[in-house]
Amino acid sequence: MVAKEASANNQPSDPKALQAWRIAATVLDPEVPVLTIEDLGVLRHVEVAGETVSVVLTPTYSGCPAIDQMRDDVDTRLRQAGYKDVSVTYTLSPAWSTDWMTEDGKRKLKEYGIAPPNAKSSVLSGPIPITLGVKCPRCDSLMTEEISKFGSTACKALYRCRACEEPFDYFKVH
Amino acid sequence: MTQAKAESVVTDSEVHGDVSVDELKLADELLGTGRVASKEVAAYALRLGDDALILSQSLSWWVSRAPELEEDMALANITLDLLGHARAFLHFAGTASKKSEDDLAYWRDEHEFVNCWLVEQPGHDFAEMIARQFLFSAYQVGLYAALATSKDSSLAAIAAKSAREVRYHYDHAVQWVLRLGDGTEESRSRMIQALIDMWPYVDELFEDDDLTESLTGVAVLPSTLRPGFDEKVAAVLGEVDIEIPAGKPAKANGRQGIHTNQMGYILAEMQWLTRRHPEAKW
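So the protein sequences, as listed, match chains R and B.
First residue of the first sequence? That's 8 in the working numbering, and the numbers climb one at a time after it.
First residue of the second sequence? That's 53 in the working numbering, and the numbers climb one at a time after it.
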């Protein structure tokens, strides 16, 4: 699949929109509460026209139930900030990718105990994905093994470190 | 699978039995484009949506019944992905008839569902479920990769998103086919039997008809996906020295709304709650 040239940072240049963006960008992922929706690349677009703010989000995985929570949180946060008319919509295209995760987001993930995605998603373009060594977020060892490709949420896999013996979540390259 | 959104104000006038209903506002277009599907495109989207929905419902039977916790989580994740795909396709299909994804999922009867027979086959034996996942994911991997280049931008968007996810489903199923096929005598014989049992429902996936033939460049012509599917299946089964089943195809007719016995049970479980509490939203 050809990766679309969509970047992690879609911050608007219009000062009014940027102000609203910064407020929306404080919303956290309810499942990984150290990441903001900006870190995740879920916040795609913010526009302000008069008293109306339009925000566009993109879901991580198609079935991820967290997206509704994020939408409600964006809505609440903007209303609290004084915006009277808030609309939050979704887009599916371009499809979300971990390539959009900010470096800051990856650092926060690691500190939280989740191994961040360790490659660009184009690595997965083959018929059977190639798995690269995943570093243990606690002891940095590469002696880790996958327990399950599917972890506690759609975006994570379950790993175990054979050096420090701790299990950990890995945020899958997607 | 509601896409409705709870507002902060709860009205107590709308209470159905013990389900209290919030004041709801319909979410905006899931696809963000506000496009309306033509009748033909909607009919095609309905097939794709029904396949994903019924497989999701069938597979959800396994949640809490898998042999280990990790597998429970894996199957729950796959179920959720499929439900996400179904929601997007049904939402889009519904734009043609002004029906919501919930209308389509909960308020159609058996003869109105146009899913293929494979997804409604019982998979209450672990190997059978894996065989169903393996064959269907192998088909879907090719389908979504091709559909991602559809001339219809909504179908292309849903397919491009789903394509990334079904690769995990396929990989998951492949790992199990190899593990069971190469495991004990018992696991191997059950894996072989499961593949034989599911095989009659494979041909239906690749049948062209008037609808797919008329939607040139929009729909993927199913027959064009067969070579890629056969190649995948041969490569995986070859690794564990299992022969490709040779059973005759079933006279499957799911696209015309004709289904196997199992379908009634699936729908009963999926739809009873909504039908018991009409118009309840949660």
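Treat the hints with care, since some could be wrong.
As the list claims (entries may be wrong) - Sample of chain R residues at the chain B side, in silico, Cβ under 10 Å:
1. Thr33
2. Pro37
3. Val41
4. Cys71
5. Pro72
6. Ser100
7. Pro101
8. Ala102
9. Asn125
10. Ala126
11. Lys156
12. Phe157
13. Gly158
14. Cys171
15. Lys179
The hints are simulated quantities; they were obtained by calculation from the structure and are not laboratory data.
Please read all numbers here as calculations on a predicted model, not as lab measurements.
Think of the CB as a built atom: it goes at the ideal place given N, C-alpha and C, for glycine as much as any other residue.
Status of the hints after comparison with the structure:
1. Thr33: Thr33 of chain R check fails; min Cβ-Cβ to chain B is 20 Å, beyond 10 Å.
2. Pro37: violated, 15 Å
3. Val41: Because about 21 Å separates Val41 of chain R from the closest Cβ in chain B, which is outside the 10 Å limit, the hint is violated.
4. Cys71: It holds, given that the least Cβ distance between Cys71 of chain R and chain B is near 7 Å, below 10 Å.
5. Pro72: Given a least distance of 7 Å, the restraint on Pro72 of chain R holds.
6. Ser100: Given a least distance of 4 Å, the restraint on Ser100 of chain R holds.
7. Pro101: Nearest chain B Cβ about 7 Å off; hint holds.
8. Ala102: Holds. Min distance 4 Å.
9. Asn125: Violated - the Cβ of Asn125 of chain R stays beyond 10 Å from chain B, reaching only about 17 Å at its closest.
10. Ala126: With a closest approach of 14 Å, the Ala126 of chain R hint is violated.
11. Lys156: holds, 6 Å
12. Phe157: holds, 4 Å
13. Gly158: holds, 7 Å
14. Cys171: violated, 20 Å
15. Lys179: Lys179 of chain R check passes; min Cβ-Cβ to chain B is 8 Å, inside 10 Å.
This entry does not satisfy hints 1, 2, 3, 9, 10, 14, going by the numbered hints stated previously.
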